[in-house]
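Enquirer: Each chain is listed here by its residues.
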Amino acid sequence: MTEAFHVENNPQPVEESVSGMSEAVEAGMPEVDAAHAPTKVKADNVDVFYAEKQALFDVSLDVPENQVTALIGPSGCGKSTFLRCINRMNDTIPICRVTGDITIDDQDIYDPAIDVVQLRARVGMVFQKPNPFPKSIYENVAYGPRIHGMAQGKADIDVLVESSLQRAGLWNEVKDRLSESGTSLSGGQQQRLCIARAIAVNPDVILMDEPCSALDPIATARIEELMDELRQNYTIVIVTHSMQQAARVSQRTAFFHLGYLVESGATEMIFTNPEDKRTQDYITGRFG
Amino acid sequence: MNTLILIIVLLGLTTFAYRYGRRKALASVEGSVANLHSLPSYHGAYVALWCGLPALIVVALWLMLQTDMVERLVLSGIADGIAGMSEGQISLLLSDIRNLATGDITTRSPSPMVLAAAERYVELQRLGFALMTGAAVILTSGGLYFGLRAIQPALRARPQVERIVRGLLFIASVIAILTTIGIVLSLMFESNRFFGQVNPLEFLFGLNWSPQTALRADQVGGSGAFGAVPVFAGTLLITVIAMIVAVPIGLMAAIYMAEYASPTTRSLIKPALEILAGIPTVVYGFFAALTIGPLFRGLGESVGLPVASESALAAGLVMGVMIIPFVSSLSDDVINAVPQSLRDGSLALGATHSETIRRVILPASLHGIVGAVLLAVSRAIGETMIVVMAAGLSANLTANPLEAVTTVTVQIVTLLVGDQEFDSAKTLAAFALGLVLFLVTLALNIVALRVVRKYREEYD
Amino acid sequence: MTDFIADRAATRKPDFSNAHLRKRYRAEARFKLYGIAAIVAALGMLAFLLGSIVMTGSSAFTQTEIALDVTLDRAQIDPNGTLDPEVLAKGNYRKIVRDAIRAQFPDVSGRRDLRELYRLVSTGSDFTLRQIVETDPGLIDTTQTIWFKSSADIDQLNKGAIPRDVVESDRRVSDAQIGWFDKLSADDRTRRSFNTTFFTSGDSREPEQAGVLGAVVGTTLTLVVTLILSFPIGVMSAVYLEEFAPKNRWTDLIEVNINNLAAVPSIVFGLLGLAVFLNFFELPRSAPLVGGLVLALMTLPTVIIAGRAALQSVPPSIREAALGVGASPLQTVSHHVLPLAMPGILTGTIIGMARALGETAPLLMIGMVAFIVDIPRSFTDAATVLPVQVFLWADAPERAFVERTSAAIMVLLAFLILMNLAAVLLRRKLERRW
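Protein chains in written order, with our numbering: chain A, 4 to 291; chain B, 416 to 875; chain C, 0 to 433.
Be aware that one or more of the hints could be misleading.
[Claimed, not checked] Covered by chain C, according to a simulated footprint, are these stretches of chain B (three or more residues, beta-carbon under 8 Å): (1) 596-607; (2) 768-776; (3) 791-804.
In case anyone wonders, no lab produced these hints; they're calculated from the structure.
Glycine included, C-beta positions come from ideal geometry on N, C-alpha and C.
Start from the sequences and build out the full structure, keeping to the hints where you can.
Expert: Below, the structure is given as structure tokens:
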């Protein structure tokens with residue numbers, strides 16, 4: 004929603020950016036297919052509309068497998084909107100319309116034959132504000148496996164809960180209090196619980212929408228460490244406000260501005276030698 | 416009627432006082448308002464309050480106390496004649512006197528003593544009115560004089576008027592408290608008299624309820640006729656049936672409206688359901704007694720089941736329908752209060768919409784829904800007209816919904832409608848039942864409101 | 000060990016088999032269906048209720064009438080020819096009406112048969128005739144064709160509410176009466192016309208003479224008392240609680256108390272009225288004054304709650320602005336806050352009044368169930384109100400009262416719809432969004 008408003012409220016800069024836009028994308032494109040990783044998620048010419056307002060303009064981006072891709076940009080630039088396209092969370096907003104192609108493993112996720120329930124099981128998501136269910140810690144993690152029929156008995160679920168909490172680095176902190184409410188944990192623990200909940204269904208891709216913005220620095224550091232570990236098994240796309248965070252955790256970075264993907268490429272490239280002036284201005288803190 | 420005229424005259428005088436006070440205040444500064452401490456209208460209000468308020472208060476108190484005083488005087492005048500009478504006879508005599516005095520037809524041809532007393536009654540009433548009018552006139556004119564004398568440019572009229580107005584506002588807000596106190600006291604007082612005649616334990620745990628036959632203590636069955644358990648059980652049975660109808664339907668309707676319906680559908684369904692809540696209960700009662708009751712009996716006959724025409728099922732079902740909108744609108748609010756982030760969290764894990772509702776939203780809103788159901792139970796227990804018209808009169812201790820049972824409210828109505836003797840245990844029993852009803856619904860309401868409030872705090 | 004667990008779990012994938020997914024989607028569809036079913040059930044009951052009431056009630060708005068050729072014999076009415084109103088009022092109209100009926104069926108004889116024959120027309124027919132003569136004494140000594148109301152049973156027969164094909168002893172109309180009525184119909188001497196009596200008279204033991212006017216007037220008087228008391232007191236306490244009251248335990252108590260009072264069963268208010276207003280203050284029974292008092296106490300919490308909500312919705316900036324230019328707190332409230340909150344308060348009040356309009360139980364407690372023929376003229380006259388009238392008629396044994404009960408319900412619902420419509424319109428018109 005907010006993205007849409009921004010586009011509408013600042014018509015002037017949009018006009019300006021249109022001219023520089025196509026060059027930027029063209030320039031960015033060759034950078035994407037860095038040879039060392041196969042593409043997991045591929046977006047082609049994605050436009051997103053909220054009712055009449057366009058929030059994303061012709062975004063094309065390749066997300067490589069088993070890497071962390073950071074989406075950065077000022078608030079309202081459309082990076083969250085793009086993230087929510089990847090697991091079709093935008094479907095829950097009735098006025099939202101998506102055009103263009105997004106494929107995961109070469110499969111079009113907006114194909115009518117694709118089941119959105121399956122898709123979301125393959126593409127997990129962690130939200131800005133930790134949102135554990137008001138259930139026990141155990142039940143929070145067991146929720147996904149249960150609905151997806153991933154386990155036959157309680158023993159199976161126990162194994163899944165323990166391994167998910169371990170992989171989320173939370174097991175040692177909560178193993179003695181699994182029956183306590185998920186909401187009784189601290190903010191950082193809650194967010195890791197949400198990550199555990201997401202990886203319990205073993206997704207291919209994990210989307211993270213500013214997962215650390217509500218956390219203190221120590222909790223943030225733990226999540227960042229965790230992301231690096233998770234990268235071994237999962238493809239991660241993270242939206243972040245903090246450029247330092249993007250620089251720390253990601254291998255690839257894409258810069259969004261006013262609904263356009265301005266530039267994307269290897270993280271070191273974007274932060275040391277950006278091609279577009281707007282990217283440079285943003286990462287040096289001229290605006291944002 | 417005379418009183419009404421007096422009050423109107425007093426109000427007229429007060430209006431006059433306002434205008435006069437205003438004019439005098441303006442005159443005192445020769446029209447330059449800036450020299451007044453307060454605006455002229457406050458001076459006017461100041462005089463008006465002095466003029467009207469004491470007189471009106473006195474008139475109100477007088478009206479409340481006069482009848483009692485007059486009756487006491489009349490009775491003391493005929494003290495010899497009533498020496499040997501019981502309390503009930505005296506009150507009967509008094510009502511005869513009153514009826515004679517107001518010119519209504521009395522039940523019996525009056526004795527000379529009653530006639531004389533009635534004359535005295537009329538005389539005293541007239542005297543009382545004259546005295547009241549006199550007092551009112553003295554107070555108004557005194558207040559007017561005092562108020563006008565106080566007017567001068569430096570008079571701090573506004574603060575004084577405002578203080579009085581705030582006082583009046585405060586008094587208005589106390590009326591709600593007084594109502595509660597009035598309810599508690601009147602119920603307690605009459606119940607206390609009842610429990611003087613009937614053992615409270617017997618009332619609460621006795622199994623036999625037939626108050627109509629218990630006119631005299633020496634009567635057969637008179638001793639065991641006030642066991643209210645069958646009445647409570649009947650109330651419970653009908654309430655349970657109503658809840659079985661209202662909770663699932665109300666809850667599912669709320670879920671559909673909150674989670675599935677498009678805004679347009681919702682804007683059509685919600686008011687339509689609220690119509691159900693706006694229909695007077697007497698209409699439901701008529702519907703239950705005339706349509707649903709016979710319908711069920713007919714259905715029962717066709718399958719060979721004996722269904723009473725005043726079956727608990729018919730009354731409970733219709734009561735349930737009445738309560739549906741109550742449950743649905745409260746649950747709708749509760750479900751809408753569940754944060755969107757929980758829905759997103761569940762959907763993002765690949766849950767279907769119904770899985771999200773059943774496993775996340777409903778558990779998260781459980782507190783609020785429990786509160787709503789408790790409020791609905793309290794509503795069902797206190798509901799009167801449906802059961803009066805569609806449920807039975809005789810106390811029947813049964814759990815069979817096809818039989819007729821009676822409820823607390825039905826008993827209150829049957830005991831109190833029609834001829835009453837105010838001292839009989841039969842009439843007083845209604846107040847004891849009323850006390851139980853009040854306490855139970857109060858407890859339910861307090862618990863429910865607390866549960867709901869706690870729920871709100873969880874997500875604020 | 001932990002690595003082993005992690006590895007085993009990491010390879011596990013959600014069950015994407017078609018069977019499992021189909022099962023989940025079936026559950027989804029089923030769940031949604033439950034929701035639709037619940038709404039359909041609730042609205043179906045509403046439709047059934049309203050439908051059955053309109054079906055049974057709409058026939059009450061017409062009344063069967065029978066035309067009789069009445070010979071207004073001077074000897075029976077005004078033997079001395081004085082036209083003195085007192086004499087006219089005492090004429091033997093009953094005999095005239097009965098003679099007119101007999102003239103239609105000269106061959107009927109025998110006491111029982113004659114009594115049945117006379118029962119074709121309403122017992123109020125002599126009164127109808129008296130009024131006609133009194134308004135136009137010139138009709139004396141003429142023969143007039145006059146439409147009389149049929150008795151309620153014949154009316155029911157004509158409307159088909161009394162079946163003809165059952166055994167004679169099972170219905171309230173005899174075979175002979177049916178025969179006579181059919182003959183009258185064949186002679187064009189019957190008709191169904193608009194039932195004005197229903198709207199212009201008070202209650203009656205005879206269904207065809209009963210009307211709702213007494214109850215409508217009683218309701219109006221009662222609601223006037225309720226409004227006069229509950230509106231100012233409600234607004235004043237809302238203003239006090241919202242604008243002036245210090246936030247302490249005392250105010251908390253008042254607040255809890257008001258919320259609870261709003262949920263106290265209405266019959267308890269009736270008990271309060273009985274114990275306090277009737278027994279303690281000895282106010283008249285069955286009077287609109289007492290009914291209004293009881294309903295006012297009952298409506299008060301609704302008005303206060305609505306008033307507080309409306310006052311809360313006025314933004315603090317308005318108060319600050321008024322206080323900033325030197326208005327006293329009371330001036331701020333009375334000049335600025337209260338006028339802005341008024342639409343909300345009025346809407347709440349109308350809704351509270353609509354509730355009071357439909358309320359029956361507490362009024363039963365204070366004796367408003369009496370059978371009252373006269374239309375009340377003051378706040379202390381014995382009166383009844385519409386919902387109580389419905390209750391009384393619903394209890395009446397005559398078949399004809401069933402349709403009248405439904406019709407009275409329709410009148411009651413019409414008033415409720417009007418009030419709610421007023422509330423909605425008021426809200427639409429005056430609502431302000433901050």
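Enquirer: Could you run down the list of hints and mark each one as holding or not?
Expert: Each hint, compared with the structure:
Under a criterion of three residues with beta carbons nearer than 8 Å to beta carbons of chain C, the stated coverage of the stretch 596-607 of chain B is upheld, 6 such residues being counted. Remark: the stretch 768-776 of chain B is confirmed as covered by chain C, as 5 of its residues place a Cβ nearer than 8 Å to a Cβ of that chain, reaching the required three. A stretch counts as covered by a chain when three or more of its residues have a beta carbon under 8 Å from one of that chain; for the stretch 791-804 of chain B and chain C the count is 9, and the coverage holds.
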